[in-house]
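Trainee: What follows is the residue order along each chain.
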Amino acid sequence: MKSYRKELWFEIPRRRDFINITPKIEDCLKESGIKEGLLLCNAMHITSSVFINDDEPGLHADFEKWLEALAPEKPYSRYKHNTHEDNADAHLKRTLMGREAVVAITQGKLDFGPWEQIFYGEFDGKRRKRVLVKIIGE
Amino acid sequence: MKSYRKELWFEIPRRRDFINITPKIEDCLKESGIKEGLLLCNAMHITSSVFINDDEPGLHADFEKWLEALAPEKPYSRYKHNTHEDNADAHLKRTLMGREAVVAITQGKLDFGPWEQIFYGEFDGKRRKRVLVKIIGE
Amino acid sequence: MKSYRKELWFEIPRRRDFINITPKIEDCLKESGIKEGLLLCNAMHITSSVFINDDEPGLHADFEKWLEALAPEKPYSRYKHNTHEDNADAHLKRTLMGREAVVAITQGKLDFGPWEQIFYGEFDGKRRKRVLVKIIGE
Chain Y
206 MKSYRKELWF EIPRRRDFIN ITPKIEDCLK ESGIKEGLLL CNAMHITSSV
256 FINDDEPGLH ADFEKWLEAL APEKPYSRYK HNTHEDNADA HLKRTLMGRE
306 AVVAITQGKL DFGPWEQIFY GEFDGKRRKR VLVKIIGE
Chain U
206 MKSYRKELWF EIPRRRDFIN ITPKIEDCLK ESGIKEGLLL CNAMHITSSV
256 FINDDEPGLH ADFEKWLEAL APEKPYSRYK HNTHEDNADA HLKRTLMGRE
306 AVVAITQGKL DFGPWEQIFY GEFDGKRRKR VLVKIIGE
Chain X
206 MKSYRKELWF EIPRRRDFIN ITPKIEDCLK ESGIKEGLLL CNAMHITSSV
256 FINDDEPGLH ADFEKWLEAL APEKPYSRYK HNTHEDNADA HLKRTLMGRE
306 AVVAITQGKL DFGPWEQIFY GEFDGKRRKR VLVKIIGE
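Chains as they are written, first to last, in the numbering used here: chain Y, 206 to 343; chain U, 206 to 343; chain X, 206 to 343.
Simulated from the structure, these hints should not be mistaken for lab results. If a hint is listed, it holds; no wrong ones were tucked in.
Only some residues are given here: those of chain X computed to face chain U with a beta carbon under 10 Å:
| hint | residue |
| --- | --- |
| 1 | Lys207 |
| 2 | Asn247 |
| 3 | His250 |
| 4 | Thr252 |
| 5 | Tyr284 |
| 6 | Asn287 |
| 7 | His296 |
| 8 | Leu297 |
| 9 | Arg304 |
| 10 | Glu305 |
Computed from a predicted model, the values in this text were never measured in an experiment. No residue lacks a Cβ here, since even glycine has one placed at the ideal position from N, Cα and C.
Turn these sequences into a full structure, and let the hints steer you where they fit.
Mentor: Right, here's the structure in full:
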């Protein structure tokens with residue numbers, strides 16, 4: 206069994222954004238040399254997400270509006286977590302979008318359906334944060 | 206390390222439905238011959254889900270009503286994604302229900318608790334769509 | 206390839222609670238002797254969760270209030286599942302929080318960011334329930 210590990214770093218200038226990281230993940234997979242196995246990609250921070258969906262700006266605007274309706278950022282005082290921090294909503298939004306994606310590796314490729322793309326979802330940006338890529342297989 | 210891959214195809218006649226795919230997954234596992242490892246089962250489309258819950262029709266009706274309350278299908282105009290499409294709600298519903306399940310394989314069986322069953326959740330049906338089963342182990 | 210399996214049992218005296226199980230998972234990992242691989246930790250019951258977030262009591266109070274707003278426990282009659290049972294809300298809450306976490310194992314440790322901790326989320330307690338830990342790797 207082979208294993209591979211890489212950290213991807215981000216510094217998103219806005220509080221919230223969605224970044225298509227599929228090309229970076231494909232680079233990791235190539236570098237790993239693994240042909241058959243499983244790939245785990247997870248946010249290493251608890252106010253951001255890794256998720257799989259469509260790379261369509263209208264949908265991303267819908268996600269932003271929907272997440273704000275289900276877990277509003279403000280007023281900050283609505284959350285008990287917000288004493289020294291103001292990011293309770295980011296913990297909730299990340300819960301809705303998910304921490305991680307597990308992807309099958311087949312014949313050296315991400316084994317994806319036609320529209321699947323991997324995104325980094327930032328909900329408390331303006332600072333350096335990380336995503337972990339771990340691949341195991343042969 | 207052994208690896209196994211299979212696509213399961215569905216064509217659900219309604220827009221939304223939940224299908225118990227546990228027997229099909231068990232068939233895959235038998236076919237793989239893998240006794241110890243991990244099984245990934247994921248929707249290959251971004252408007253459907255794979256999730257684990259109870260096979261109880263009342264609960265499934267509750268899921269349907271709950272998902273419609275949190276991410277309503279209509280009016281289609283409420284979503285920016287719905288220009289050439291009408292399925293933005295399906296992307297959101299799938300986000301709530303999840304893309305994938307990872308299941309432990311122990312002694313050649315799905316290592317499940319007493320009520321765990323795997324479902325395909327369709328949120329934009331009436332066409333052919335796929336689920337991926339990938340198993341790695343020994 | 207090595208594999209390891211352990212059940213962790215809980216009997217939470219309240220209907221709902223969040224328990225930090227990171228030290229127990231670390232014990233499992235040590236016991237397994239696995240240095241590189243993937244660890245799956247999942248609820249074996251469909252009314253409880255395993256998820257990764259922050260060990261901060263204010264945030265946990267926010268989660269409780271938020272889950273009750275999105276999937277209220279009462280009135281029990283609002284759910285079709287609640288004929289012989291009263292736990293439909295627990296199935297929905299567990300769906301929001303997730304069934305499982307997959308964690309990278311690197312150099313014999315949980316490969317975590319600075320604040321990641323693993324929690325057992327109970328939504329229908331007062332009885333004995335289980336979590337599964339499965340590790341594969343080398």
